[in-house]
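Undergrad: Listed here are the chains, written in short residue letters.
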Amino acid sequence: MRLTFLIFAFFIAIISSVPGQGIGGPGTIKDDGRFAASTKQLNQFFRRFNGEESVDGNIRFYPGDSLYQNPALRKGFLSILFDNQTSSISPQLKQEFISYVLSDTYPYFLNFQREGWYAEVDTEFFFKGKREKVTLIMKIQPERLGFEWVIDQVIFPPFKNLFNKPVGESKDFLHPLSHELGFMNLRRAFQDSKLPESFTANSYKPDYLSIFLYEMKQNNLRFDTVSGVKFHFFQIGGWYFEVNQFNRPGFNTGWLISNLVRLGPGDKETILKYIYDQD
Amino acid sequence: MKNKFILFLGLFLSASLAVMAQDNISPARKQAIDSLALEKVKDLSKYIAIIGSKETQFSEANRVMDRAEELFAPGAEMGVSSINTKEIAYYKVRRYFERLMALNYDRVNITWYDIQYISDLERQPDGRYVGVITIYQRFEGTSIETGMNYRDTTKKDITIYVEKKQTQIAGRTIEFWDVMLGDVRVTETSA
Numbered sequence: 001m002r003l004t005f006l007i008f009a010f011f012i013a014i015i016s017s018v019p020g021q022g023i024g025g026p027g028t029i030k031d032d033g034r035f036a037a038s039t040k041q042l043n044q045f046f047r048r049f050n051g052e053e054s055v056d057g058n059i060r061f062y063p064g065d066s067l068y069q070n071p072a073l074r075k076g077f078l079s080i081l082f083d084n085q086t087s088s089i090s091p092q093l094k095q096e097f098i099s100y101v102l103s104d105t106y107p108y109f110l111n112f113q114r115e116g117w118y119a120e121v122d123t124e125f126f127f128k129g130k131r132e133k134v135t136l137i138m139k140i141q142p143e144r145l146g147f148e149w150v151i152d153q154v155i156f157p158p159f160k161n162l163f164n165k166p167v168g169e170s171k172d173f174l175h176p177l178s179h180e181l182g183f184m185n186l187r188r189a190f191q192d193s194k195l196p197e198s199f200t201a202n203s204y205k206p207d208y209l210s211i212f213l214y215e216m217k218q219n220n221l222r223f224d225t226v227s228g229v230k231f232h233f234f235q236i237g238g239w240y241f242e243v244n245q246f247n248r249p250g251f252n253t254g255w256l257i258s259n260l261v262r263l264g265p266g267d268k269e270t271i272l273k274y275i276y277d278q279d
Numbered sequence: 001m002k003n004k005f006i007l008f009l010g011l012f013l014s015a016s017l018a019v020m021a022q023d024n025i026s027p028a029r030k031q032a033i034d035s036l037a038l039e040k041v042k043d044l045s046k047y048i049a050i051i052g053s054k055e056t057q058f059s060e061a062n063r064v065m066d067r068a069e070e071l072f073a074p075g076a077e078m079g080v081s082s083i084n085t086k087e088i089a090y091y092k093v094r095r096y097f098e099r100l101m102a103l104n105y106d107r108v109n110i111t112w113y114d115i116q117y118i119s120d121l122e123r124q125p126d127g128r129y130v131g132v133i134t135i136y137q138r139f140e141g142t143s144i145e146t147g148m149n150y151r152d153t154t155k156k157d158i159t160i161y162v163e164k165k166q167t168q169i170a171g172r173t174i175e176f177w178d179v180m181l182g183d184v185r186v187t188e189t190s191a
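Taken in sequence, the protein lines are chains A and B. Take the first sequence: its position 78, counted from the start at 1, is 78 in the working numbering, and no numbers get skipped. Take the second sequence: its position 32, counted from the start at 1, is 32 in the working numbering, and no numbers get skipped.
Hints are computed from structural coordinates only; laboratory data are not their basis. Any given hint could turn out to be false.
[What the hints assert, rightly or not] With a cut-off of at most 20 Å between alpha-carbon atoms, the simulated EDC-like pairs for lysine to aspartate or glutamate come out as follows:
no.: 1; chain 1: B; residue 1: LYS30; chain 2: A; residue 2: ASP65
no.: 2; chain 1: A; residue 1: LYS230; chain 2: B; residue 2: ASP157
no.: 3; chain 1: B; residue 1: LYS165; chain 2: B; residue 2: ASP66
no.: 4; chain 1: A; residue 1: LYS30; chain 2: B; residue 2: GLU188
no.: 5; chain 1: B; residue 1: LYS30; chain 2: A; residue 2: GLU269
[To be verified] Each pair of labels, with its calculated beta carbon distance range:
no.: 6; chain 1: A; residue 1: TYR204; chain 2: B; residue 2: ASN24; range: 41 to 49 Å
no.: 7; chain 1: A; residue 1: ASP267; chain 2: B; residue 2: THR167; range: 54 to 62 Å
no.: 8; chain 1: A; residue 1: GLU143; chain 2: B; residue 2: GLN168; range: 29 to 37 Å
no.: 9; chain 1: B; residue 1: ARG94; chain 2: A; residue 2: ILE211; range: 32 to 40 Å
no.: 10; chain 1: A; residue 1: MET216; chain 2: B; residue 2: ASN84; range: 23 to 31 Å
no.: 11; chain 1: A; residue 1: LYS30; chain 2: B; residue 2: ASN149; range: 18 to 26 Å
no.: 12; chain 1: B; residue 1: GLN168; chain 2: A; residue 2: LYS205; range: 53 to 61 Å
[As the list claims (entries may be wrong)] Here are some chain A residues the structure puts well away from chain B; computed CB gaps all over 12 Å:
no.: 13; residue: LEU42
no.: 14; residue: ASN70
no.: 15; residue: ILE98
no.: 16; residue: LEU102
no.: 17; residue: GLU120
no.: 18; residue: PHE163
no.: 19; residue: LYS165
no.: 20; residue: PRO166
no.: 21; residue: VAL167
no.: 22; residue: LEU174
no.: 23; residue: GLU197
no.: 24; residue: LYS205
no.: 25; residue: LEU221
no.: 26; residue: ILE236
no.: 27; residue: PRO265
From the three backbone atoms N, C-alpha and C, an ideal C-beta is built for every residue, glycine too.
With the hints as extra help, turn the sequences into a complete structure.
TA: Have a look at this one:
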């Protein structure tokens, strides 16, 4: 803990004394080190995590550069990539994670273009005239000459109660000899029942994203604004962490790790299910 | 404008000739592109300060708005949020400048922090590269009549599009990299 503090203090001291280049020349305001210390972009989170830029962020290190992915540089960076003010990640867990990532034999790195990280985007839409919160789960995918962000799932509360397939005795059904009657009893499913999902297969899962897109095409949904973004990372084997943006006074700001979990067997699937279903 | 065109041609011709056939951006080329992008951001900062200043004549402000608009790719927008409201308000670039010009302060002072951050360039599906430059601006506005003083510091994340283009010089086709500004995210900071 004391060592982490010393490393952190060392970084802040270096960052504070970095002369800025300034975009406006004379008359610019000198940063007291807070903006330099802030992890200003998620891109900077990646570079700091991997040890691919100088302490002040002005020099990008490439393969072949002496400091490229340097373990000591990474150690300094990793210690300042955690939210130290509001998150309840224990110092011990943090230390275990840092040691794991910086392993001498198999160090771990983040890769922008590799799968295993997701954006959770909170938005607001007008649905049939009423303002509603919508969460989009997004991921990066290759497309033609480059990459693109795509919507992988939508979490929209008004859809959640739309398909409540009953179970047990309350579930209606089409009897097993319906075929002998040419399925004339489909009328029960489509006209008489208010829960037509009762007549679907066990494997049935509503595709909320398709419904969402359909409603948009019907002009029932209109985008209004984005209200928040956070990221989920599964790229470090055996670990999950969440990255949030912290806009507050001080030096511990910007994109920082706000949640860290060591994954046991099946934990990744459970967390992914939670992220995607938000149940 | 013409001078700038010549400047960035000069910046890139030497590098372009050696690696004209390849589309990957080398570290040296990336650095040259960063400089060019930063030049455009500097221009934008300068224009914002002129547009926001009460000493700027209306006709001059309009002329500067035209220049500033030319830095942007068509359809670029400003997305603005404050500490109190996380929701983003969207403005077309021109509309943003017009709102800036119409601010009801007698004295407006716009300055910039001596810090910026330039992201890596990632390739998008159409082959163009995209990056983000982050800068910090301080705004100070004073109203003499009400004695009101307003001050804020905003973080500006500016999209840059980098595209390989061609031009003819003395019968030869020369390739060069052009930079355009795109959407800008404006976030009020706690500083």
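Undergrad: Confirm or reject each hint.
TA: Against the structure, the hints come out as follows:
Between B:LYS30 and A:ASP65 the alpha-carbon distance is near 16 Å, which keeps this suggested pair within the 20 Å criterion. Of the supplied pair hints, the one linking A:LYS230 and B:ASP157 holds, its CA atoms being roughly 17 Å apart against a limit of 20 Å. Our distance criterion of 20 Å between C-alpha atoms is broken by B:LYS165 and B:ASP66, whose separation comes to about 23 Å. Our distance criterion of 20 Å between C-alpha atoms is met by A:LYS30 and B:GLU188, whose separation comes to about 18 Å.
Restraint check for B:LYS30 and A:GLU269: not satisfied, since their Cα atoms lie roughly 39 Å apart, outside the 20 Å limit. A C-beta distance of roughly 47 Å is found between A:TYR204 and B:ASN24, which places it inside the suggested range of 41 to 49 Å. With their beta carbons about 56 Å apart, A:ASP267 and B:THR167 fall inside the hinted range of 54 to 62 Å. Remark: the range hint 29 to 37 Å for A:GLU143 to B:GLN168 is upheld by a beta-carbon distance near 32 Å.
The hinted range of 32 to 40 Å is satisfied by B:ARG94 and A:ILE211, whose Cβ atoms lie roughly 37 Å apart. Checked against the given bound of 23 to 31 Å, the beta carbons of A:MET216 and B:ASN84, roughly 29 Å apart, stay inside it. Here the CB-CB span from A:LYS30 to B:ASN149 is close to 22 Å, well matched to the stated 18 to 26 Å. Look at B:GLN168 against A:LYS205: about 58 Å separates their beta carbons, and that is inside 53 to 61 Å.
Listed as a non-interface residue, A:LEU42 fails to keep its Cβ farther than 12 Å from every Cβ of chain B; the least gap is roughly 9 Å. The claim that A:ASN70 is not at the interface with chain B holds, since no C-beta of that chain comes within 12 Å of its own (minimum 17 Å). Look at A:ILE98: its CB is around 24 Å from the nearest CB on chain B, clear of 12 Å, so calling it non-interface holds up. The claim that A:LEU102 is not at the interface with chain B holds, since no C-beta of that chain comes within 12 Å of its own (minimum 22 Å).
Non-interface call for A:GLU120 relative to chain B: holds, since the shortest CB-CB distance, roughly 14 Å, exceeds 12 Å. At roughly 30 Å, the least C-beta separation between A:PHE163 and chain B is larger than 12 Å, which holds for a residue marked as non-interface. Even its closest Cβ contact with chain B, about 35 Å, leaves A:LYS165 beyond 12 Å, as expected for a residue assigned away from the interface. The beta carbon of A:PRO166 sits about 38 Å from the closest Cβ of chain B, which is more than 12 Å, so the claim that it is off the interface holds.
For A:VAL167, the requirement that its beta carbon stay farther than 12 Å from each beta carbon of chain B is met, with the minimum near 39 Å. With a minimum CB-CB distance of about 46 Å to chain B, A:LEU174 clears the 12 Å threshold, and the non-interface call stands. With a cut of 12 Å on Cβ distances, A:GLU197 stays outside the contact zone with chain B, its closest approach being about 35 Å. With a least CB separation of 30 Å from chain B, A:LYS205 remains clear of the 12 Å interface cut-off, as annotated.
Every CB of chain B lies more than 12 Å from the CB of A:LEU221, the least distance being 17 Å, so the non-interface label holds. Its beta-carbon lying about 20 Å from the closest one in chain B, A:ILE236 satisfies the requirement of being farther than 12 Å from that chain. Its beta-carbon lying about 34 Å from the closest one in chain B, A:PRO265 satisfies the requirement of being farther than 12 Å from that chain.
In this structure, the earlier hints numbered 3, 5, 13 are contradicted, and the remaining ones agree with it.
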